[in-house]
Amino acid sequence: MREGAIVFLKITRDSLRDLAPIAVVVLFFQFAVLGQPLPDAPRLALGMVLVVLGLTLFVFGLEQGLFPIGESMAQALASKGSLPWLFIFAFSLGFGTTVAEPALIAVSAEAAAVAAEAGILARDAEAQASYAVGLRFTVALSVGLAIVIGVLRILKGWPIHVMIVIGYVAVVAMTTVAPPHIIGIAYDSGGVTTSTITVPLVTALGVGLARAIRGRNPMLDGFGLIAFASLTPMIFVMAYGMLY
Amino acid sequence: MDLSLAQAVFDSVRATTRDVLPIVVILFGFQYLVIRKPLPNLGTIVIGFVYVLLGLSLFLLGLEKALFPLGRVMAEQLTDPAVVAPGAPVGAALSWTAYHWVYAFAFAIGFSTTIAEPSLIAVALKANEVSGGAIGVWGLRIAVALGVAFGITLGAYRIIVGAPLHYFIISGYVVVVLQTFIAPKLIVPLAYDSGGVTTSTVTVPLVAALGLGLAETVPGRSPLMDGFGLIAFASLFPMITVMAYAQLAELRTRAASVATPTRGD
Numbered sequence: 001m002r003e004g005a006i007v008f009l010k011i012t013r014d015s016l017r018d019l020a021p022i023a024v025v026v027l028f029f030q031f032a033v034l035g036q037p038l039p040d041a042p043r044l045a046l047g048m049v050l051v052v053l054g055l056t057l058f059v060f061g062l063e064q065g066l067f068p069i070g071e072s073m074a075q076a077l078a079s080k081g082s083l084p085w086l087f088i089f090a091f092s093l094g095f096g097t098t099v100a101e102p103a104l105i106a107v108s109a110e111a112a113a114v115a116a117e118a119g120i121l122a123r124d125a126e127a128q129a130s131y132a133v134g135l136r137f138t139v140a141l142s143v144g145l146a147i148v149i150g151v152l153r154i155l156k157g158w159p160i161h162v163m164i165v166i167g168y169v170a171v172v173a174m175t176t177v178a179p180p181h182i183i184g185i186a187y188d189s190g191g192v193t194t195s196t197i198t199v200p201l202v203t204a205l206g207v208g209l210a211r212a213i214r215g216r217n218p219m220l221d222g223f224g225l226i227a228f229a230s231l232t233p234m235i236f237v238m239a240y241g242m243l244y
Numbered sequence: 001m002d003l004s005l006a007q008a009v010f011d012s013v014r015a016t017t018r019d020v021l022p023i024v025v026i027l028f029g030f031q032y033l034v035i036r037k038p039l040p041n042l043g044t045i046v047i048g049f050v051y052v053l054l055g056l057s058l059f060l061l062g063l064e065k066a067l068f069p070l071g072r073v074m075a076e077q078l079t080d081p082a083v084v085a086p087g088a089p090v091g092a093a094l095s096w097t098a099y100h101w102v103y104a105f106a107f108a109i110g111f112s113t114t115i116a117e118p119s120l121i122a123v124a125l126k127a128n129e130v131s132g133g134a135i136g137v138w139g140l141r142i143a144v145a146l147g148v149a150f151g152i153t154l155g156a157y158r159i160i161v162g163a164p165l166h167y168f169i170i171s172g173y174v175v176v177v178l179q180t181f182i183a184p185k186l187i188v189p190l191a192y193d194s195g196g197v198t199t200s201t202v203t204v205p206l207v208a209a210l211g212l213g214l215a216e217t218v219p220g221r222s223p224l225m226d227g228f229g230l231i232a233f234a235s236l237f238p239m240i241t242v243m244a245y246a247q248l249a250e251l252r253t254r255a256a257s258v259a260t261p262t263r264g265d
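Chains as they are written, first to last, in the working numbering: chain P, 1 to 244; chain H, 1 to 265.
Accuracy of the hints is not assured; some may be wrong.
Here are the simulated SDA-like pairs of lysine to any residue, each with C-alpha atoms no more than 20 Å apart in a straight line [stated by the list, open to error]:
| hint | chain 1 | residue 1 | chain 2 | residue 2 |
| --- | --- | --- | --- | --- |
| 1 | P | 10 | P | 20 |
| 2 | H | 37 | P | 79 |
| 3 | P | 80 | H | 38 |
| 4 | P | 10 | P | 82 |
| 5 | P | 80 | P | 10 |
| 6 | H | 37 | P | 10 |
| 7 | H | 37 | P | 156 |
| 8 | P | 10 | H | 38 |
| 9 | P | 156 | P | 63 |
Derived by calculation from the structure, the hints in this document are not laboratory data. Because the structure is a prediction, the values reported are computed rather than measured.
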């Protein structure tokens with residue numbers, strides 16, 4: 001119990017240090033550059049307290065909950081030896097964590113507005129909503145597929161840079177044929193799909209698999225799943241823009 | 001005040017739970033229907049999950065209450081032509097050098113939000129553990145943060161001058177590919193990952209506000225067409241800086257071994 005409290009205090013101190021740069025930047029620009037007082041200082045202070053407390057609890061729970069379950073499940077599935085289940089797991093993890101991602105929901109709604117502006121879509125709410133939902137499922141599908149490809153790579157020991165270069169060539173090739181209005185959104189969609197809960201889980205899945213399979217190096221083979229998950233959405237979103 | 005805070009915390013926890021629910025269903029579904037083995041330390045894991053959920057909720061609530069509104073207002077004010085170039089005629093196109101405070105803000109906010117990004121902390125902890133301490137938690141985080149800072153600054157410049165996004169991104173890809181062949185092999189997968197990891201909870205909303213603010217106020221830009229693309233920059237440059245970080249570390253150890261030859265050489 002006391003040990004837990006000491007760990008907690010240590011993480012709180014780390015959180016304060018992690019958040020200090022933001023406070024410095026905001027205060028500097030507010031006072032020195034814009035020359036304005038802070039609006040609603042008590043609310044700001046309360047917000048910062050919540051942020052520090054939240055980050056502390058998150059990091060505390062990370063090592064206790066997310067990392068162990070990700071790794072132990074990867075190892076259990078690998079030792080079970082059933083490839084179909086491993087792939088289904090990889091796909092559901094990618095698809096399930098992405099389809100409900102708030103950042104993605106926001107971006108697809110904006111993308112629908114852009115498409116309407118570009119004259120691709122009718123300017124009514126219903127057409128935009130169905131476009132946005134289609135886009136969301138496209139991205140979630142591509143992330144599920146990415147995790148499956150990434151898991152396959154770990155199993156086979158394929159070199160990651162060859163696969164990423166192929167992905168880049170695909171992105172560049174798609175860029176030349178995709179409608180211009182979708183390109184900015186497509187490039188951004190790679191970055192927004194990987195959320196705060198997905199990243200630790202997917203990382204633990206990769207490292208756990210690489211540890212469970214003989215001849216794989218966790219450093220060399222375990223990382224790289226996120227890289228696929230941020231590459232395939234770009235290709236799929238451009239394809240979606242071409243089909244629509 | 002107390003009541004409204006409790007209500008806000010409750011709403012935030014409820015929203016986060018809803019977002020996390022599909023993941024929990026997948027994890028426990030597979031654990032009990034496919035693996036069919038009891039989890040070791042189930043109690044600790046469940047408590048860990050509760051901490052993660054509660055932590056993320058409070059974190060997001062704090063950002064939403066305090067940081068994001070202020071960040072948005074600052075991004076709007078800094079990109080306002082009246083602040084950028086006082087006295088210039090309204091609607092006149094300004095030289096790209098007039099926006100120096102915007103670049104400084106882009107760099108500083110990119111760096112500081114990345115340092116606070118929870119998913120980057122998670123990956124840095126894991127990389128440190130897997131590499132047996134060879135990759136420092138802080139070394140990686142600072143390398144990634146510098147990459148994001150540089151990327152967002154360049155992205156802001158792109159919006160201001162109105163250059164096509166894909167030229168920048170494709171040039172970045174060429175650099176990444178070239179670096180892949182000369183960087184230490186072990187860092188490459190982690191470097192590729194760090195591109196996607198950086199842009200989540202803290203960075204995306206603030207950076208998006210900056211992009212939209214710029215696209216709205218720079219003459220000739222449309223927020224819908226030019227406001228996008230900053231995230232793409234922020235997820236490209238960390239790959240370059242993380243590989244550079246490993247290359248520097250390698251050079252340093254090589255220089256050190258040259259400077260102090262071992263006896264018998």
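Hint consistency between residue 80 of chain P and residue 38 of chain H [alpha-carbon to alpha-carbon, up to 20 Å]: Holds, because 14 Å separates the two Cα atoms, which is no more than 20 Å.
Proposed proximity, residue 20 of chain P with residue 10 of chain P (alpha carbon, max 20 Å): Within the cut-off at roughly 16 Å; holds.
Residue 10 of chain P paired with residue 82 of chain P [C-alpha distance capped at 20 Å]: violated (42 Å)
Straight-line alpha-carbon gap residue 37 of chain H to residue 156 of chain P, limit 20 Å: violated (27 Å)
Pairwise hint evaluation, residue 38 of chain H against residue 10 of chain P, where the allowed Cα distance is 20 Å at most: violated (32 Å)
Holds or violated: residue 37 of chain H to residue 79 of chain P, with C-alpha atoms at most 20 Å apart: Since the Cα atoms of residue 37 of chain H and residue 79 of chain P sit roughly 12 Å apart, the hinted pair holds (cutoff 20 Å).
Straight-line alpha-carbon gap residue 80 of chain P to residue 10 of chain P, limit 20 Å: Violated. Residue 80 of chain P to residue 10 of chain P sits at ~39 Å, over the 20 Å cutoff.
Hinted pair residue 156 of chain P and residue 63 of chain P, Cα distance within 20 Å: Since the Cα atoms of residue 156 of chain P and residue 63 of chain P sit roughly 29 Å apart, the hinted pair is violated (cutoff 20 Å).
20 Å limit on alpha-carbon distance, applied to hinted pair residue 37 of chain H and residue 10 of chain P: Violated - the C-alpha atoms of residue 10 of chain P and residue 37 of chain H are around 35 Å apart, more than 20 Å.
Hint compliance for this structure: hints 4, 5, 6, 7, 8 and 9 are not met, and every other hint is.
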